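Residue-level listing of the chains:
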Amino acid sequence: DAKTTQPPSMDCAEGRAANLPCNHSTISGNEYVYWYRQIHSQGPQYIIHGLKNNETNEMASLIITEDRKSSTLILPHATLRDTAVYYCIVRPNFGNEKLTFGTGTRLTIIP
Amino acid sequence: SAVISQKPSRDICQRGTSLTIQCQVDSQVTMMFWYRQQPGQSLTLIATANQGSEATYESGFVIDKFPISRPNLTFSTLTVSNMSPEDSSIYLCSVPRPSSSYNEQFFGPGTRLTVL
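Taken in order, these protein sequences are the chains called A and B.
The working numbering numbers the first residue of the first sequence as 1 and each following residue consecutively.
The working numbering numbers the first residue of the second sequence as 1 and each following residue consecutively.
Among the hints, erroneous ones may be present.
[As the list claims (entries may be wrong)] In the DSSO-like style, the derived pairs of lysine-lysine whose C-alpha atoms are separated by at most 30 Å in a straight line are:
{"#": "1", "chain 1": "B", "residue 1": "LYS65", "chain 2": "A", "residue 2": "LYS98"}
{"#": "2", "chain 1": "B", "residue 1": "LYS65", "chain 2": "B", "residue 2": "LYS7"}
{"#": "3", "chain 1": "B", "residue 1": "LYS65", "chain 2": "A", "residue 2": "LYS3"}
{"#": "4", "chain 1": "A", "residue 1": "LYS69", "chain 2": "A", "residue 2": "LYS52"}
{"#": "5", "chain 1": "A", "residue 1": "LYS69", "chain 2": "B", "residue 2": "LYS7"}
{"#": "6", "chain 1": "A", "residue 1": "LYS3", "chain 2": "A", "residue 2": "LYS52"}
{"#": "7", "chain 1": "A", "residue 1": "LYS98", "chain 2": "A", "residue 2": "LYS69"}
{"#": "8", "chain 1": "A", "residue 1": "LYS3", "chain 2": "A", "residue 2": "LYS98"}
{"#": "9", "chain 1": "A", "residue 1": "LYS52", "chain 2": "A", "residue 2": "LYS98"}
Hint data in this document are derived by calculation from the structure and do not stem from the laboratory.
Bear in mind that the values here come from a model prediction, so they are computed numbers and not experimental data.
Full structure from sequences and hints, please.
Take a look at the structure:
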């Protein structure tokens, strides 16, 4: 799996958009960008994934740069329940299904 | 989605003993994964458990220390053998989303293990 780089921590005010960056400069053509989060004392939770187009679901939006070397996860209206560690993972969509977690970004939503 | 339960949710064990952790899924899945999360750290994959075959272990993990059983498509156990304080971690199982075209995984709530 390609290596990812994320800032270790970020703060965001409640109600504002939280923008979490991820660098994946060595991503290969068949690898997708996946985002998971881990709320304290829980198992990780899938958020969203994408290949090259921007994606949006009920939880978040994913913006992938045209060269695919970086991406941004956007939580449009952050709430206190979004406080968690966010992991950016790149991997093929099929075949090897194991996940390789990096160190992630600890996002703290401030009231 | 898949609902995953783990037993026990937490335990405190003595050095040198063994603990078996159970993972139960509410649907049939081919692959199950076992992860370890040491205090303050990210998750590390221990092994992949396929039904009917031996588990595949990641570098740094061996079967004698972490034996795994996978008797059917909804259940797996991970044993932490001859424990030391360094084994104090959260142990999580996960499964891929059933019948999915992409690699979403569901995680259990974890087993918090403390070794004295």
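Hint check results:
1. B:LYS65 with A:LYS98: 21 Å, holds
2. B:LYS65 with B:LYS7: Distance of about 19 Å is within 30 Å: holds.
3. B:LYS65 with A:LYS3: 28 Å, holds
4. A:LYS69 with A:LYS52: 10 Å, holds
5. A:LYS69 with B:LYS7: At roughly 41 Å apart (the allowed maximum being 30 Å), LYS7 (chain B) and LYS69 (chain A) break the hint.
6. A:LYS3 with A:LYS52: 17 Å, holds
7. A:LYS98 with A:LYS69: Holds - the C-alpha atoms of LYS69 (chain A) and LYS98 (chain A) are around 22 Å apart, at most 30 Å.
8. A:LYS3 with A:LYS98: 14 Å, holds
9. A:LYS52 with A:LYS98: Since the Cα atoms of LYS52 (chain A) and LYS98 (chain A) sit roughly 21 Å apart, the hinted pair holds (cutoff 30 Å).
Taken one by one, the earlier hints fail for this structure only at number 5.
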